[in-house]
Amino acid sequence: MSTPSIAEALKGFADKTLSPRELVHDCLDRAQRLNPVIHAFIRFTREAAMAAAAESEARWMAGTPMGPLDGIPIAHKDIYETAGVPTTGHSRVLLDNTPAEDAAVVRLWKQAGAISLGKLATHEFAWGGPSFDLPWPPARNPWDISRFTGGSSSGTGAAVAAGVILGGTGSDTGGSIRMPGALCGVAGIKPTYGLCSRVGVLPLASSLDTTGPMAWTVEDCALLLQAMAGHDPHDPSSADRPTPDVLTGLRDGVNGVRIGVIRHFHEVDMPVSPAMQGAIDAAIGALREAGATIGEATLPPLDAFNAAGWLILATEAFAAHEPWLRARFRDYGEFLRERLAVAATVSGADYIQAQRRRRELCAAVTGKMEQFDILLTAAAPGEARPIEQMTKWASFEGPNFTMPFNLTGQPGLVVNAGFSPANLPLGVQLIGRPFEDALVLRAGQTVEQALALGGRRPKLPV
Amino acid sequence: MAEPLSRVVFDAVMARAGIVLSDAEAEGIRAASAHVQRFAAAVRVPRPVGAEPATVFAP
Chain A
27 MSTPSIAEAL KGFADKTLSP RELVHDCLDR AQRLNPVIHA FIRFTREAAM
77 AAAAESEARW MAGTPMGPLD GIPIAHKDIY ETAGVPTTGH SRVLLDNTPA
127 EDAAVVRLWK QAGAISLGKL ATHEFAWGGP SFDLPWPPAR NPWDISRFTG
177 GSSSGTGAAV AAGVILGGTG SDTGGSIRMP GALCGVAGIK PTYGLCSRVG
227 VLPLASSLDT TGPMAWTVED CALLLQAMAG HDPHDPSSAD RPTPDVLTGL
277 RDGVNGVRIG VIRHFHEVDM PVSPAMQGAI DAAIGALREA GATIGEATLP
327 PLDAFNAAGW LILATEAFAA HEPWLRARFR DYGEFLRERL AVAATVSGAD
377 YIQAQRRRRE LCAAVTGKME QFDILLTAAA PGEARPIEQM TKWASFEGPN
427 FTMPFNLTGQ PGLVVNAGFS PANLPLGVQL IGRPFEDALV LRAGQTVEQA
477 LALGGRRPKL PV
Chain B
75 MAEPLSRVVF DAVMARAGIV LSDAEAEGIR AASAHVQRFA AAVRVPRPVG
125 AEPATVFAP
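So the protein lines, in turn, are chains A and B. Just so we're aligned: the first sequence equals residues 27 to 488 in the working numbering. Just so we're aligned: the second sequence equals residues 75 to 133 in the working numbering.
Hints listed in this document are in silico derivations from the structure and should not be mistaken for laboratory results. Possibly wrong hints are sitting among the right ones.
Dumping the calculated SDA-like pairs for lysine to any residue here, alpha-carbon to alpha-carbon at most 20 Å [what the hints assert, rightly or not]: (1) A:Lys-418 to B:Pro-78; (2) A:Lys-418 to B:Met-75; (3) A:Lys-418 to B:Glu-77; (4) A:Lys-42 to A:Ala-80; (5) A:Lys-418 to B:Glu-101; (6) A:Lys-394 to A:His-290; (7) A:Lys-418 to B:Asp-97.
Chain A extracted, bound-state conformation (with noise of 0.2 Å):
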C-alpha cells in the first residue's frame, strides 16, 4: 500500500476504499520493520494503536466518525506527555517519567479521532542532538540514512518523509519544525505563537516554544493544525480569541497577495547553495503565476535576530533545566549538558538585553507587514549534510533562517520546493503575520500544487 495523505485517507474512509485497520497495521509494520534503518520511533504502542483502529473502523463503517481525523495514524515527538506512556525527551533523565495525563494537543488529536502509534525521536530535550551516546539513537533522513534529518523534531520529519505516519507532533522554539521539515521533504508549520496549547509538553525555552504538525502535505498540516489550534486558559501563553479557521479558503491562491522576498538573508547574510537558490526561484516563480505580486522585503540581519534568539533561547532553557543539570549532570549527553553549560555563562542582563532586542526586532518586522503579506526566504542552506558533521557548536557558529520568526511569533511554513542534485529535498520558508496561519497555509498550497513535487518519495527498504 502506497501510503496516502490524510485528506485521502479521509476520503477512503469515508467511501469505505480504505480501511483504518488496514492503513494503521500496514503503518505500524513498516514503521517497525524500517526503525532499524532510521530510528524515527523510540516507542511503539502498537496493541493500543490496532485497538483504537478497531473502533474506528466500526464507526467508520456506521457511518459515525467521531472527529475530523478519525483513524489517521499519527505519533508524538517523544516531550509530548502522554498518559501512560513514557515520556523520555529522549533523555536518560527521564527515562523513568511515565505521566499521569496527555499533553493538551495529544488529547485534542484523540479527541479528533487520530490513531497514535507511538512515541518519536527528538534532539534530547529539544535541543541536544544529534547525539550518540543517548538510550536510543538519532533519527536518520529517509532520503539518504548518511544524512542529518535537522532537529529537534527530527523522528517526526523522518517517519511522514518515510510514509509511516501520516503526520505527527512537533514542536519549535528556533526551527525544530521548519529545519527537519525542509531537510526530509515534509510540510510543517510553526503556528502563531499562542495559537495552539503547550501544556504537558517538556518545556525548552518558553518566550519561544511553539506546537505544532508536520505532514506530506500543506492540506494535512492545515488539517492537523485546526484539530490542535485553540484556546487554552492553562497556557499563559495561549491567545484568548477564536480558533481561526485554517481550512476552508486553503485552494483560494494568492491571487493579489503582496510577496516579500528577504534576498539579503538568503543571499548575502547566508548564502544558500545553487540548488537551494533554485527552489526558491521556483517557488517564487509559482507564486506569481498564481497572481501574487513579489517585492523585496528588507529586514535587519539574520545575525542580529540570531544573536537575541540564542541568548534568549539559552537562557530559558538553562532555567528549565538547572535544578537536573546540578544533580544529574551526567545523565545528560555531551551535546546537551555542554549546551546548557555555555548557556550558564549568560548573564541577565545579557538576557534583557536580548529582550529588549527583541522588541526592536518585531518592530521593524511588524512595520515590514505592512508593506507585504507574505514573507518569503529559505529554510536551510541547502541539502541535509552527512549527520558526523553536525558538532556541538554548529548552531551557534552561522546564523539561521527560522529563529527570526520565533522572536516574533508570526507563523511559519516549510514547504518543499525542489530537490538538490543528489536528490535530498530543499524546503522554503513562508512567513505570514500573526494569526494569519490560513494565509500562510494558502500560499504553501500554491507553491506545492505549482511545482507538484509530493509524487516523489525516499527509496526504502519496505
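Fit chain B to the given chain A structure using the hints.
Okay, now just chain B, sitting in the frame of chain A:
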C-alpha cells in the same frame, strides 16, 4: 570573534551553577562561551534608557 570568558570568571560561573567539569570539558565549554559573548555584544545596540524588553506584561 569575541573573546571567551577568562578561566577565573568561567570557573566562578560553573561553581554558581553547580556544574562540575573536568579540565578538558571546562576548556572546551569556555571556548564556546565566545559565542555567547559575541551574541551579548550584538544585542547591545544604542537605545534609550527606558527601552522596554519584550517580556513586559499587563497584569
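### Message
Hints numbered earlier in the text: which of these fail when held up against the supplied structure?
### Response
No hint contradicted; all consistent.
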